[in-house]
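Full structure from sequences and hints, please.
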Amino acid sequence: MERKDIFIRKLLFAGMFLLLTAWTCVLCFYHLGEAGTQNWDEAIYGINAYEMIQSGNWWIQTYRYAVDYYNLKPPFIMWCIALCFQSLGFSFFAMRLPSAIAAVLLFVLIFLSTARYFGKKAAIIAGIVFVSCTDMFFFHMARSADADALYLLMFMAAMVCLYESEKRPWLFTGCGVFLSLAFMAKCMHMGIGVVVCILYLPRIYKKLKLKHYIGAAIGAALPTGIWAAVRFSYDGLAFFAQMFGVEIVDRVVGESDYLGYIRYFGTKPTVLLALAAVLGALLLLFFQKKEEKRAAEGKSLLRKIIGSRLYLFVVWLLVSLAAYSASGSFMEWYGYICYLPFCMITGAVLARALDIPGKKKGIALILLLLPVIGLGISADKSLWSLQTLNYENNTDIRRDISSLIEKYPEYRGARIYIENSRNEYCRQNEWEQNSVADIYIIGDLDPIEGGVPVFVEDKDALLLISKNLFETYSNVLTGRVILVDGDDYLIFNNDFYG
157 MERKDIFIRK LLFAGMFLLL TAWTCVLCFY HLGEAGTQNW DEAIYGINAY EMIQSGNWWI
217 QTYRYAVDYY NLKPPFIMWC IALCFQSLGF SFFAMRLPSA IAAVLLFVLI FLSTARYFGK
277 KAAIIAGIVF VSCTDMFFFH MARSADADAL YLLMFMAAMV CLYESEKRPW LFTGCGVFLS
337 LAFMAKCMHM GIGVVVCILY LPRIYKKLKL KHYIGAAIGA ALPTGIWAAV RFSYDGLAFF
397 AQMFGVEIVD RVVGESDYLG YIRYFGTKPT VLLALAAVLG ALLLLFFQKK EEKRAAEGKS
457 LLRKIIGSRL YLFVVWLLVS LAAYSASGSF MEWYGYICYL PFCMITGAVL ARALDIPGKK
517 KGIALILLLL PVIGLGISAD KSLWSLQTLN YENNTDIRRD ISSLIEKYPE YRGARIYIEN
577 SRNEYCRQNE WEQNSVADIY IIGDLDPIEG GVPVFVEDKD ALLLISKNLF ETYSNVLTGR
637 VILVDGDDYL IFNNDFYG
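Every letter in the sequence shown is one number past the one before it in my numbering, and letter 86, counting from 1, is 242.
If you are wondering where the hints come from, they were derived from the structure by calculation, not from laboratory data.
Derived Cβ-Cβ restraints for the label pairs, each shown as a range: (1) Lys323 x Tyr221: 47 to 57 Å; (2) Asp536 x Arg165: 27 to 37 Å; (3) Gln584 x Asp536: 32 to 42 Å; (4) Gly392 x Phe652: 48 to 58 Å; (5) Thr634 x Val610: 13 to 23 Å.
Ideal Cβ placement from N, Cα and C applies to all residues, glycine included.
Written out as structure tokens, the structure reads:
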């Protein structure tokens, strides 16, 4: 191949990498703080991180300054959010920034590792499929202060170390470290990585020595072990018992939606198009006689499977899908872990098909159009989502509290009561998680339960009330000063108009 052709191919690869990375950054960072805070689960992570800073206790998460036995994840994501709060100030952008950064790094890691293992064409295809997975950006991951983006980044790093350990056995230690950090991000979900490691050992066990196993064990024990020791010294087994009971037992017992993840992926056009392309490419490769296929004749089927360059990623995909399906507990963001190996498999298989000479290469090019069409579908959906961020969840409380603090900064840190007709799961005179996160971040306000009856007895407090509830309490609120007359809420203090 001429130098000019090599240069053009390198330039095309770099251009596609930069273009896809730029689109990933748009999906992750564009107006990141604009959407309303989600009750489940980003609000509670934001609250935990905020209270860590205020209390100075970075080891024990609290909710409204009581020990939190609802959020049973280790504090890795909370530490990241708290660091962003300290560096950038309290804001919804800072709250979501760790997830956005993790998602961009995850894309880069998938793209570059696919290029390393399966070639540049495979990397570009894998990148196209990744940015087509719209849900990962807009729900419970990249643009949300949840633990999922950080968890998947740590998991992906662990799998890269595992794959590389075949040639560099010392990287098996890195696999242990990153799996431990995956546990620190999302608790028991890390167990999928342990199963994948065990199933991958038949391929690498001859390369590993005792020192490598010891290194991996020490690497896995350090991050989790330090935190667990501190946590145990605080409340013994209380947190860990709850963690095991809720994160494993309660997720499985009573649940029976065993086909939930199959149905979920089956409703995604981008997944179906990429899957159709993979199946078509596999048929082309099956009928194409190659030298490596003839050389592999005589090997047992098991040895062929284990020896495949895609073995790790197929095992990862199948174990993840089987484990979550068998649990019977469907939560769509649990299925995001399946997207990562699927992207790499799609890239590797299609790239291999594109190398077939003759007429079959034309068919492979047609198959390549399928994930490109999927990208177009997802891009249209993503652009619509980016334009409607303000309509995701309740942002009215946020705006009205911002108006309060802007007009009356002396009320920062004040006690405040609520009567909210738009509550999702609490009574109207109780604070839900998203509202607590909003008033913490904007005004360092102190949320108090009880609503109007208690507010009128608390001289220095404030009241946030839905406008459609004012008539219910007009007999006691009429005459009190309205500090903010917002679109959906009124904010009172206990002073009276003169």
